[in-house]
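Going down the list, the protein sequences come from chains U and F.
Position one of the first sequence corresponds to residue 1 (UniProt numbering), numbered consecutively onward.
Position one of the second sequence corresponds to residue 1 (UniProt numbering), numbered consecutively onward.
Calculated from the structure, these hints are not laboratory results.
Keep in mind that a hint or two might mislead.
[Unchecked claim] Residues on chain F that point at chain U, a partial pick, calculated with CB under 7 Å: (1) Leu11; (2) Thr24; (3) Ala55; (4) Gly79; (5) Leu85; (6) Val86; (7) Ala92; (8) Val94; (9) Met144.
Quick reminder that beta carbons are idealized off the backbone N, C-alpha and C, glycines included.
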Amino acid sequence: MEVLGLLADGMFVAVQPLNLFLILVGVALGLFIGAMPGLGSVNGVAILLPVTFLVPPGSAIIFLAALYYGAMYGGAISSVTLGIPGASTAVATTFDGRPLAMQGRASLALVTAALASFVGGTVANILFTLFAPLLASVALSFGPPEIFALMLLAFATFVGLGGDDIPKTIFSICLGLVLGSIGFDAISGAPRLVLFDHTGFLQGIGFLVLAIGVYGIGEMLWTIEQTRGEVTATTPKITAKGVAADTKDAVRRGWKGTTIGSFLGFFVGVLPAAGATPGSLMAYGVTKMVSRKPQDFGKGHPGGVAAPEAANNSASTGAMLPMLTLGIPGSPTTAILLGGMVIWGLVPGPRLFVEETEFVWGLIGSFYVSNVAAVLINLAFIPLFIWMLRMPFTILAPMIFVLSIAGGYAATRDMFDVWLMVIFGLGAFFLRKFDYPLAPAVLAIVLGPIAEPTLRQSLLLSSGDPSIFFTRPIAGPITVIALILIFLPAFKLLRKRRSLA
Amino acid sequence: MRKGEIVTAGLLALLSLYLMWKSTELPIGYIAGEGPGGGAWPFWLSGIMLICCGAIAFNWWRQTSPASRSDEPLLDAVGWRMVLLVGGGIVAFVGLVNVISMYGAIAAFLLYYMRYLGRHRWRVSLPIALITPVTLFFFFEGAMQITMPKGMPFTDPVFNVLYEIIY
Chain U
1 MEVLGLLADG MFVAVQPLNL FLILVGVALG LFIGAMPGLG SVNGVAILLP VTFLVPPGSA
61 IIFLAALYYG AMYGGAISSV TLGIPGASTA VATTFDGRPL AMQGRASLAL VTAALASFVG
121 GTVANILFTL FAPLLASVAL SFGPPEIFAL MLLAFATFVG LGGDDIPKTI FSICLGLVLG
181 SIGFDAISGA PRLVLFDHTG FLQGIGFLVL AIGVYGIGEM LWTIEQTRGE VTATTPKITA
241 KGVAADTKDA VRRGWKGTTI GSFLGFFVGV LPAAGATPGS LMAYGVTKMV SRKPQDFGKG
301 HPGGVAAPEA ANNSASTGAM LPMLTLGIPG SPTTAILLGG MVIWGLVPGP RLFVEETEFV
361 WGLIGSFYVS NVAAVLINLA FIPLFIWMLR MPFTILAPMI FVLSIAGGYA ATRDMFDVWL
421 MVIFGLGAFF LRKFDYPLAP AVLAIVLGPI AEPTLRQSLL LSSGDPSIFF TRPIAGPITV
481 IALILIFLPA FKLLRKRRSL A
Chain F
1 MRKGEIVTAG LLALLSLYLM WKSTELPIGY IAGEGPGGGA WPFWLSGIML ICCGAIAFNW
61 WRQTSPASRS DEPLLDAVGW RMVLLVGGGI VAFVGLVNVI SMYGAIAAFL LYYMRYLGRH
121 RWRVSLPIAL ITPVTLFFFF EGAMQITMPK GMPFTDPVFN VLYEIIY
């Protein structure tokens with residue numbers, strides 16, 4: 001029952017005036033960012049991270065976590081009213097959300113989404129509170145080989161479960177790792193990879209430079225080019241009486257999807273690097289599969305809205321679990337949060353639970369508060385968010401560019417880094433056109449500086465014998481799972497060939 | 001798209017080769033008693049990048065990736081225009097920072113984007129273009145104590161007035 005006491009302390013931290021204020025602002029901003037097509041939690045967290053240096057680290061991460069949470073709720077608003085997912089995490093919500101809106105039942109879709117998100121968030125918070133201290137106490141005994149094996153697993157998940165072009169995914173991972181190694185060799189202290197002998201590279205490439213370049217500039221260019229700035233909205237009519245009726249309908253037809261989404265989302269979210277997008281897609285698929293009327297899905301079934309929405313909220317909390325306990329992000333957004341923690345002078349990983357108890361439990365407590373804040377703000381201000389969605393993209397887009405450039409400078413105080421951001425942004429746009437996934441690169445630039453020293457220390461321990469990753473009781477199974485995931489696509493290909501022959 | 005796919009893979013292969021060559025400035029093998037050399041990590045990873053480029057080229061030849069089957073242009077005329085105007089605008093924005101200060105560049109970029117690209121009326125674009133940098137000034141310089149680039153000396157009179165307000 002020690003956990004309950006710690007949780008109560010954490011909630012007390014979360015409702016301190018400054019933190020409560022940041023939660024409310026974070027959730028509201030997150031709802032807006034999530035609702036804006038082309039902007040998701042990862043863009044919001046990347047662009048706003050520099051701004052949080054104003055408040056203490058504990059409050060900063062509470063703000064960013066609230067924003068992450070809010071964005072998961074907000075994604076549904078544009079999926080339903082515009083038919084464009086506000087973020088990749090809400091793609092599955094369009095499948096049934098948009099048909100419902102076209103039938104004039106946008107309000108039902110939005111209410112279902114909000115309720116399912118709330119339940120998903122709550123289930124995930126409880127699971128998180130139960131599992132996090134356990135996992136952290138196990139992880140305390142991890143040495144370099146275990147940590148490297150976990151890193152390998154994080155990258156392997158991208159390859160095995162990513163669903164993207166595999167050579168391109170591996171390229172992206174390695175590119176991020178190499179970019180992360182620019183600057184100085186941590187062990188010998190010698191300058192390393194000073195590209196074109198430009199002294200600007202001596203200080204290395206911060207993960208924020210890549211993250212803002214990719215998500216603040218590259219993705220925005222891509223959205224502008226794809227939508228050509230033209231977006232049309234359906235405006236739902238929302239009344240108190242209507243909401244009550246919709247709530248009843250949502251509970252009756254959406255409970256199954258919500259339950260599946262809540263649990264499945266959490267476990268997919270926990271997997272390193274998987275995150276909310278695959279979680280929501282899988283929850284949609286499973287709910288449709290077990291439904292008695294699978295033919296109704298895709299035509300406007302509330303269950304098809306509830307499952308992905310419960311899952312994406314649940315997964316966003318799940319993704320925080322490996323980030324806090326193992327120091328390995330469970331999604332691109334948590335990768336950026338992790339990078340932020342390093343900037344704030346915290347060392348992510350199991351020791352955090354021992355050394356920074358107030359920070360960790362304050363954050364966990366804030367999940368609960370954010371979840372309640374998000375559902376209330378969401379339901380109360382749906383009309384306002386829809387009104388804001390009508391803000392012309394030609395005003396919003398330059399604002400985001402300005403925030404990216406000014407925020408990027410504020411974080412690094414170096415024009416060289418700002419130029420790098422622009423170069424990465426333009427590069428990311430073209431790579432995105434050719435289906436190169438870029439989230440792995442962002443994750444890799446965060447994890448690279450942790451992965452390399454652990455690999456070198458492990459090999460030093462074993463005098464250069466790589467079998468150290470297979471023979472230790474915890475590192476061994478993790479390495480084997482990682483290798484299976486890496487070779488999974490090859491197995492699939494072989495089986496397909498054999499069945500064709 | 002088909003041509004673009006192989007050209008991109010070629011460029012990335014060159015980048016990988018450059019990174020491999022640059023990594024060899026430090027030892028890339030195993031040093032007894034010290035573990036892997038400082039250049040080993042980036043060297044072998046860049047090597048994997050090069051192999052991936054080979055695999056991408058092979059998939060291009062087999063036409064298995066969507067881009068390698070597509071005859072559509074990478075960007076049509078409107079797309080290129082949009083990317084050049086927006087991307088060029090961002091490059092000009094960053095280029096102007098050291099001339100007319102971060103805040104001046106923000107105002108110029110916002111005005112360019114909203115008035116010229118977005119075709120908003122002056123009475124919409126001008127106030128936003130002026131209020132945004134002033135708000136950001138008070139946020140960064142006042143609240144966060146972060147000094148942004150001030151550009152060339154001719155911007156001093158404006159900043160003197162603004163600093164008077166903060167201090």
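Status of each hint after checking the structure:
no. : hint   : verdict
1   : Leu11  : violated (10 Å)
2   : Thr24  : violated (11 Å)
3   : Ala55  : holds (4 Å)
4   : Gly79  : holds (5 Å)
5   : Leu85  : violated (10 Å)
6   : Val86  : holds (6 Å)
7   : Ala92  : violated (11 Å)
8   : Val94  : holds (6 Å)
9   : Met144 : holds (5 Å)
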